[in-house]
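Numbering (the numbering used here), first residue to last: 219 to 275.
Treat the hints loosely; a few may be bogus.
Pairwise CB distance ranges (calculated) [to be verified]:
{"no.": "1", "residue 1": "H260", "residue 2": "Y240", "range": "29 to 35 Å"}
{"no.": "2", "residue 1": "A272", "residue 2": "L250", "range": "16 to 22 Å"}
{"no.": "3", "residue 1": "G239", "residue 2": "I262", "range": "28 to 34 Å"}
Worth flagging that the hints you see were computed from the coordinates, not collected in a lab. Note that the structure is a prediction, hence the values are computed from the model and not measured. Glycine included, every Cβ here is placed at the ideal spot set by N, Cα and C.
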Amino acid sequence: MIQQLLNKRGSKWLHPPRLAGYTQPEEVANVLLYLASDLSSHIIGQTVVIDGGAVLS
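Construct all of the structure, not just a fragment, from the sequences and the given hints.
This is the structure:
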């Protein structure tokens with residue numbers, strides 16, 4: 219089954235295009251600082267994906 223999906227989608231699943239390159243540790247730290255600050259007081263129970271846009275492909 220996996221081989222059929224790979225044949226159908228090609229290498230897009232294995233190597234998705236990224237909008238911003240590889241995620242740097244500083245980028246993850248910035249998100250964590252934001253979530254720990256008062257600025258994010260209305261963000262509750264969310265999953266924050268930090269992947270440089272790979273989910274969009």
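Comparing the hints with the structure gives:
no.: 1; hint: H260 - Y240: 29 to 35 Å; verdict: 30 Å, holds
no.: 2; hint: A272 - L250: 16 to 22 Å; verdict: 19 Å, holds
no.: 3; hint: G239 - I262: 28 to 34 Å; verdict: 30 Å, holds
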